[in-house]
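Could you put together the complete structure from these sequences and hints?
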Amino acid sequence: MSKFKAALQSQVGRKLITGITGLGLVLFIIVHLLGNLSYFGGPEAINTYSHTLHELGGLLWAARLGLLVFFLFHIYLGISIWLEKRRARPVGYESYNSRGVPSRQSWSARSMIITGVILLVFVVFHLNTFAFHDFQTTVINGVEMHDVHARLTEVFQHEVYTISYVLTMVLLGMHLRHGVWSSFQSLGWMSRNSNPVVYSIAYILGLIIAVGFIGLPVSIYFGLV
Amino acid sequence: MSDQQMTIHLKVWRQKGPNSKGELVDYTMDDVNPHMSFLEMFDWLNEKLMKQGEEPIEFDHDCREGICGSCNMMINGQAHGPQKATAACQLHMRQFSDGDTIYVEPWRAKAFPIIKDLVVDRSAFDRIVEAGGYVSVNTGGAVDANAQLIPKKEADIAFDYATCIGCGACVAACPNSSASLFTGAKIAQFAHLPQGEPERKERARAMVDQMKEEGFGDCSNFAECEAVCPKEISITAIAEMRREYVKSLFD
Ligand code: SF4
Ligand code: FES
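For the protein sequence lines, the chains are L and A, in the order given.
Under our numbering, the first residue of the first sequence carries the number 1, and numbering increases by one thereafter.
Under our numbering, the first residue of the second sequence carries the number 1001, and numbering increases by one thereafter.
Because the hints were derived from the structure by calculation, they are not lab data.
Just so you know, even glycine gets a beta-carbon here, dropped at the ideal spot from N, CA and C.
Do not take every clue at face value.
[As the list claims (entries may be wrong)] Output of the computed footprint for chain L on chain A, the stretches with three or more beta carbons under 8 Å from beta carbons of chain L:
{"id": "1", "segment": "1057 to 1071"}
{"id": "2", "segment": "1103 to 1113"}
{"id": "3", "segment": "1167 to 1177"}
{"id": "4", "segment": "1210 to 1219"}
{"id": "5", "segment": "1226 to 1234"}
{"id": "6", "segment": "1238 to 1248"}
[As the list claims (entries may be wrong)] The list that follows gives simulated cross-link-like pairs (lysine-lysine, DSSO-like), each with its CA atoms no further than 27 Å apart:
{"id": "7", "chain 1": "A", "residue 1": "K1016", "chain 2": "A", "residue 2": "K1051"}
{"id": "8", "chain 1": "L", "residue 1": "K3", "chain 2": "A", "residue 2": "K1247"}
{"id": "9", "chain 1": "A", "residue 1": "K1011", "chain 2": "A", "residue 2": "K1021"}
{"id": "10", "chain 1": "A", "residue 1": "K1247", "chain 2": "A", "residue 2": "K1152"}
{"id": "11", "chain 1": "A", "residue 1": "K1116", "chain 2": "L", "residue 2": "K5"}
{"id": "12", "chain 1": "L", "residue 1": "K85", "chain 2": "A", "residue 2": "K1084"}
{"id": "13", "chain 1": "A", "residue 1": "K1231", "chain 2": "L", "residue 2": "K85"}
{"id": "14", "chain 1": "A", "residue 1": "K1011", "chain 2": "A", "residue 2": "K1152"}
{"id": "15", "chain 1": "L", "residue 1": "K85", "chain 2": "A", "residue 2": "K1110"}
{"id": "16", "chain 1": "A", "residue 1": "K1152", "chain 2": "A", "residue 2": "K1021"}
{"id": "17", "chain 1": "A", "residue 1": "K1231", "chain 2": "L", "residue 2": "K5"}
{"id": "18", "chain 1": "A", "residue 1": "K1201", "chain 2": "A", "residue 2": "K1152"}
{"id": "19", "chain 1": "L", "residue 1": "K85", "chain 2": "A", "residue 2": "K1021"}
[Stated by the list, open to error] Some chain A residues near chain L, calculated using beta-carbon distances under 10 Å:
{"id": "20", "residue": "K1011"}
{"id": "21", "residue": "G1017"}
{"id": "22", "residue": "P1018"}
{"id": "23", "residue": "N1019"}
{"id": "24", "residue": "G1022"}
{"id": "25", "residue": "L1024"}
{"id": "26", "residue": "Y1027"}
{"id": "27", "residue": "W1044"}
{"id": "28", "residue": "P1082"}
{"id": "29", "residue": "K1084"}
{"id": "30", "residue": "G1141"}
{"id": "31", "residue": "S1180"}
{"id": "32", "residue": "R1205"}
Right, here's the structure in full:
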């Protein structure tokens, strides 16, 4: 057992957990995105979706707990890796330049700690705006349920909220651009040939997720939906 | 190729000893031959400094043909300079232009303390190898070379990893100062050969642990190491190291 404990603290283990939790969070984000898109199906669609989700009860709580654990581990390791990096090079270079391809030292790679911290702050506000909000209720097909549709419509009338949401989603896309690729490499799933393929997929995925999330607030704000 | 002499402005890190405060010092050379190697330019500069009664710049070098890994210097912010797959000793002044200003700094990492000027102590790498980068067998009489067949593909992969010269450029260029490419290459070269099999598990664990022990940072998959490695060792070495490590946990 101590072998496994040591493994979790090793530099390989730390990256493995960062990668696994990261990929888990990406799965959650994809499901969340699909849920958001149901807004376009009208009040009935998104409210029923949200209601069905809440009807899951214990299962939903288990998922939430899992999500929280993943999130905490991911944050802890992300910050710890950043601190280690500072410790490992106390004196920096006067001049430093990336050599370029095959380097993956993109903007998004270098800013993981910044985008990560901003995402964390965002999540706190986001939960406060939606999850912990005291929703109005509406009745659909004789069932009383939270009016998520109304809340979304209300929130994204506000300029500040809409703009900060959109900007954060751009950062999310950037975080995933390096994160998704990096997770696969951390899990040792990369070969010389799959490397460029996975790198491109991560780019496309980051883009799709960012655009997907941005679509809703922008449509609501400009009254397109 | 023009033989015209070039003027080169250098900003070189000078530091008297491990605990002294260092600084970048400016030198201008107006008679650099484009066919000189980067190190020959330093020899030339040192000769002049000595004639002027100044202390020459200390830099590491040995083979000057890209195989010993001792010529470590950060040239214009890139480990070994701007040329792909080239150690600093194999870099030539024709890669630069007349009038260029070139920054020359030592490898920067806590695990590679500076000894003097551009020379750093890379014995942390030796200790990573000592932790498990070997095959302990008592070699008897030489065995027939063809007694143990190894598929060409596997032999080639192992050979590619084995070309690592331990220069430390991967650490120097890594924003995290991680030693993952070096350690990965040293683990992966054995993972493809039958000789590496008996100590496979202990090796992966011991070397990975030693890397942390020495104070190198975590790997964030920047892949900058692969870009600067004079032997073009791929980050698949790091992926292999991770696989080896995980496999080593299960008997
Ligand atoms: S992996 Fe490449 S850059 Fe790193 S020590 Fe070996 S040869 Fe040098
Ligand atoms: S002096 Fe030996 S590799 Fe450069």
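The hints, checked one at a time:
{"no.": "1", "hint": "1057 to 1071", "in the structure": "violated (count 0)"}
{"no.": "2", "hint": "1103 to 1113", "in the structure": "holds (count 6)"}
{"no.": "3", "hint": "1167 to 1177", "in the structure": "holds (count 4)"}
{"no.": "4", "hint": "1210 to 1219", "in the structure": "holds (count 7)"}
{"no.": "5", "hint": "1226 to 1234", "in the structure": "holds (count 4)"}
{"no.": "6", "hint": "1238 to 1248", "in the structure": "holds (count 8)"}
{"no.": "7", "hint": "A:K1016 <-> A:K1051", "in the structure": "19 Å, holds"}
{"no.": "8", "hint": "L:K3 <-> A:K1247", "in the structure": "12 Å, holds"}
{"no.": "9", "hint": "A:K1011 <-> A:K1021", "in the structure": "16 Å, holds"}
{"no.": "10", "hint": "A:K1247 <-> A:K1152", "in the structure": "24 Å, holds"}
{"no.": "11", "hint": "A:K1116 <-> L:K5", "in the structure": "40 Å, violated"}
{"no.": "12", "hint": "L:K85 <-> A:K1084", "in the structure": "26 Å, holds"}
{"no.": "13", "hint": "A:K1231 <-> L:K85", "in the structure": "25 Å, holds"}
{"no.": "14", "hint": "A:K1011 <-> A:K1152", "in the structure": "47 Å, violated"}
{"no.": "15", "hint": "L:K85 <-> A:K1110", "in the structure": "10 Å, holds"}
{"no.": "16", "hint": "A:K1152 <-> A:K1021", "in the structure": "52 Å, violated"}
{"no.": "17", "hint": "A:K1231 <-> L:K5", "in the structure": "35 Å, violated"}
{"no.": "18", "hint": "A:K1201 <-> A:K1152", "in the structure": "24 Å, holds"}
{"no.": "19", "hint": "L:K85 <-> A:K1021", "in the structure": "22 Å, holds"}
{"no.": "20", "hint": "K1011", "in the structure": "7 Å, holds"}
{"no.": "21", "hint": "G1017", "in the structure": "15 Å, violated"}
{"no.": "22", "hint": "P1018", "in the structure": "12 Å, violated"}
{"no.": "23", "hint": "N1019", "in the structure": "12 Å, violated"}
{"no.": "24", "hint": "G1022", "in the structure": "9 Å, holds"}
{"no.": "25", "hint": "L1024", "in the structure": "6 Å, holds"}
{"no.": "26", "hint": "Y1027", "in the structure": "15 Å, violated"}
{"no.": "27", "hint": "W1044", "in the structure": "22 Å, violated"}
{"no.": "28", "hint": "P1082", "in the structure": "8 Å, holds"}
{"no.": "29", "hint": "K1084", "in the structure": "7 Å, holds"}
{"no.": "30", "hint": "G1141", "in the structure": "38 Å, violated"}
{"no.": "31", "hint": "S1180", "in the structure": "7 Å, holds"}
{"no.": "32", "hint": "R1205", "in the structure": "8 Å, holds"}
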